[in-house]
Amino acid sequence: MLAQQLINGITLGGIYAVVALGYTMVFGVLDIINMAHGEVVMFGAFAGMLLASGLGAPLWAVFAGAVIAAGALGYLLELLSLRPLRRRRVTAKLAPLISTIGVSILLENVALKLFGPGNHPFKTPLSDMKFSLAGVDIYLVQMVILGISLMLAAALYLWLYRTKEGLSLRAVAEDSEIASILGVNIDRAITITVVTASMAGGAAGVLIGMAYSNVSTQMGVSIGLKGLAIIIFGGMGSVGGAVAGGLILGLAETLIAAYWDSGYRDAAAFFIITLVLLVRPQGLFGRDAAAMRH
Amino acid sequence: MILAVEDISISFGGLSALDKVSFTVDEHEITGVIGPNGAGKTTLFNIITSVFTPSSGNVYLHGKTITALKSHVINKMGVSRTFQNIRLFGTMTVIENVMAGRHARMDSGVLGCVFRTKRQRSEEHYARDKAVELLEFVGLSGQWDSVSGNLSYGMQRRLEIARALASEPSLLLLDEPVAGMNDVERAEIFGLIGRISRTGVAVLLIEHNMPLVMGLCQKIVVLDFGKKIAEGTPEFIKTHPEVIEAYLGKEDDEGG
Numbered sequence: 001m002l003a004q005q006l007i008n009g010i011t012l013g014g015i016y017a018v019v020a021l022g023y024t025m026v027f028g029v030l031d032i033i034n035m036a037h038g039e040v041v042m043f044g045a046f047a048g049m050l051l052a053s054g055l056g057a058p059l060w061a062v063f064a065g066a067v068i069a070a071g072a073l074g075y076l077l078e079l080l081s082l083r084p085l086r087r088r089r090v091t092a093k094l095a096p097l098i099s100t101i102g103v104s105i106l107l108e109n110v111a112l113k114l115f116g117p118g119n120h121p122f123k124t125p126l127s128d129m130k131f132s133l134a135g136v137d138i139y140l141v142q143m144v145i146l147g148i149s150l151m152l153a154a155a156l157y158l159w160l161y162r163t164k165e166g167l168s169l170r171a172v173a174e175d176s177e178i179a180s181i182l183g184v185n186i187d188r189a190i191t192i193t194v195v196t197a198s199m200a201g202g203a204a205g206v207l208i209g210m211a212y213s214n215v216s217t218q219m220g221v222s223i224g225l226k227g228l229a230i231i232i233f234g235g236m237g238s239v240g241g242a243v244a245g246g247l248i249l250g251l252a253e254t255l256i257a258a259y260w261d262s263g264y265r266d267a268a269a270f271f272i273i274t275l276v277l278l279v280r281p282q283g284l285f286g287r288d289a290a291a292m293r294h
Numbered sequence: 001m002i003l004a005v006e007d008i009s010i011s012f013g014g015l016s017a018l019d020k021v022s023f024t025v026d027e028h029e030i031t032g033v034i035g036p037n038g039a040g041k042t043t044l045f046n047i048i049t050s051v052f053t054p055s056s057g058n059v060y061l062h063g064k065t066i067t068a069l070k071s072h073v074i075n076k077m078g079v080s081r082t083f084q085n086i087r088l089f090g091t092m093t094v095i096e097n098v099m100a101g102r103h104a105r106m107d108s109g110v111l112g113c114v115f116r117t118k119r120q121r122s123e124e125h126y127a128r129d130k131a132v133e134l135l136e137f138v139g140l141s142g143q144w145d146s147v148s149g150n151l152s153y154g155m156q157r158r159l160e161i162a163r164a165l166a167s168e169p170s171l172l173l174l175d176e177p178v179a180g181m182n183d184v185e186r187a188e189i190f191g192l193i194g195r196i197s198r199t200g201v202a203v204l205l206i207e208h209n210m211p212l213v214m215g216l217c218q219k220i221v222v223l224d225f226g227k228k229i230a231e232g233t234p235e236f237i238k239t240h241p242e243v244i245e246a247y248l249g250k251e252d253d254e255g256g
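Chains as they are written, first to last, in this note's numbering: chain A, 1 to 294; chain B, 1 to 256.
The hints are simulated quantities; they were obtained by calculation from the structure and are not laboratory data.
Mixed in with the good hints, there may be bad ones.
[Claimed, not checked] Calculated cross-link-like contacts (lysine-lysine; reagent style DSS-like; alpha-carbon spacing at most 27 Å): (1) B:Lys238 x A:Lys164; (2) B:Lys118 x B:Lys130; (3) B:Lys64 x B:Lys118; (4) A:Lys164 x B:Lys227; (5) B:Lys70 x B:Lys118; (6) A:Lys164 x B:Lys118; (7) B:Lys238 x B:Lys227; (8) B:Lys238 x B:Lys118; (9) B:Lys76 x B:Lys64; (10) B:Lys70 x B:Lys238; (11) B:Lys130 x B:Lys76; (12) A:Lys93 x B:Lys70; (13) A:Lys164 x B:Lys219; (14) B:Lys20 x B:Lys219; (15) B:Lys238 x B:Lys64.
[What the hints assert, rightly or not] Under 8 Å between C-beta atoms, here's a sample of chain B residues computed to sit facing chain A: (16) Gly63; (17) Ile86; (18) Met99.
[Unchecked claim] Pairwise CB distance ranges, derived in the manner of DEER restraints: (19) A:Gly147 x B:Ala4: 54 to 62 Å; (20) A:Arg83 x B:Ser16: 29 to 37 Å; (21) A:Ile101 x B:Gly139: 46 to 54 Å; (22) B:Glu242 x A:Leu158: 58 to 66 Å; (23) B:Val73 x A:Thr91: 21 to 29 Å.
Think of the CB as a built atom: it goes at the ideal place given N, C-alpha and C, for glycine as much as any other residue.
Using the sequences and the accompanying hints, generate a full structural model.
Below, the structure written as structure tokens:
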């Protein structure tokens with residue numbers, strides 16, 4: 001029973017982690033919260049759903065389609081809702097936040113118009129495949145979710161900390177004015193960040209579709225709030241924090257639902273987050289607020 | 001002549017910060033920009049590196065106007081700088097700071113990063129070797145992997161110079177590189193600036209203490225309240241009546 005719940009919790013946590021990675025990347029580099037990220041995830045999920053349920057496409061093609069669709073959406077988001085604010089040298093931190101809230105509302109309603117209300121089944125060839133290991137049922141889908149989550153987190157980490165492109169992004173994250181004077185094209189760095197974060201969001205959308213076997217146009221709101229809570233909990237801008245925060249939230253939710261009452265699932269999970277933040281306001285892996293301002 | 005500043009004016013909130021300032025910087029020379037605090041020296045650097053756009057006037061690099069260009073393009077064209085209040089990437093290591101300064105000299109794009117092409121890897125190796133070389137050049141040996149925020153003040157100044165040199169500039173702007181230093185540290189940094197100059201990099205140096213730069217610079221530009229009041233050799237500046245009146249006369253108040 002416990003082993004079963006742990007596997008379920010880690011799977012859910014892996015999905016949360018990938019969603020949170022998208023938030024943390026954009027926050028790390030742009031210092032803003034992309035409130036439309038949940039809807040980008042939702043669009044990725046629908047792109048995957050159309051390919052999987054509609055065309056019966058193989059899994060790799062489902063992922064590729066969702067990642068490309070979400071990446072394109074991220075590009076438009078940067079071009080139409082973030083860049084114009086930078087052009088006009090709007091310095092208020094709230095402006096891009098409001099702007100991305102607008103995009104999120106727009107995307108949700110466009111999706112509602114395009115795909116219609118209610119749940120849309122998300123079928124993949126793996127959907128019903130499972131095997132038993134020492135009395136524990138493991139769905140193949142769960143293995144795929146976990147594998148892809150960990151791979152994405154590792155790839156993002158290596159990209160940010162082991163490549164020159166990542167170094168430039170970190171330079172922009174710390175001080176975009178200096179980075180620009182030192183030769184980094186800020187617009188390009190920001191575009192790369194938002195598109196990459198959105199591509200990860202597209203992959204997350206497919207993972208969610210696989211995990212719940214259906215998708216809806218409202219999924220962006222709830223998954224977006226979870227993602228936000230996770231990066232605050234894990235430490236804003238931290239890749240490790242997004243992964244650890246996602247896994248902890250996923251496990252907490254699953255265990256609370258299994259051993260207590262599923263009605264208290266979200267309440268209890270957020271209660272844990274609140275407790276941690278009282279002790280560590282900067283989040284699990286966050287830098288000291290004072291050190292960040294340096 | 002590598003840099004020409006022509007009739008630059010800029011004002012902030014109705015207050016004129018620079019008023020029709022013109023001067024030139026020659027190759028292989030160290031040019032000093034001096035003037036009391038608030039004379040507009042850093043504003044000048046911010047205009048040359050396009051942090052600010054002047055309300056009128058032009059900046060020319062190698063004879064081409066760079067006034068409307070973006071900061072990163074100007075860096076690619078060969079201008080690099082340091083900052084009055086040190087602005088390192090505080091969470092990065094020493095060597096990462098220098099490598100971040102090298103961005104303009106690295107070409108392989110996003111796909112190269114993702115697929116780790118051979119060219120990408122050799123480029124990164126080369127960047128690392130180059131960064132080590134620069135750190136040794138500025139006198140920062142063996143502390144490559146410490147977090148830059150933990151370095152001493154003097155070491156941070158040296159690191160900032162190494163970071164600025166990483167883009168292989170033809171013109172280096174140094175904003176008060178010896179501010180807050182004692183005589184020994186100051187002599188060391190001046191020695192370093194001399195060595196940079198001898199490698200063929202033109203240097204434009206801000207300092208508000210005039211006697212300090214007399215021996216270092218081949219040419220000096222004096223600013224006072226946003227206006228250029230003199231430009232010439234240290235000997236010429238030393239005996240210039242307006243400079244003496246506006247600046248040297250107050251030397252005692254400025255302190256050293």
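Against the structure shown, which of the earlier numbered hints fail to hold, in ascending order?
-> Per hint list: 1, 3, 4, 5, 8, 10, 13, 15, 16, 17 violated.
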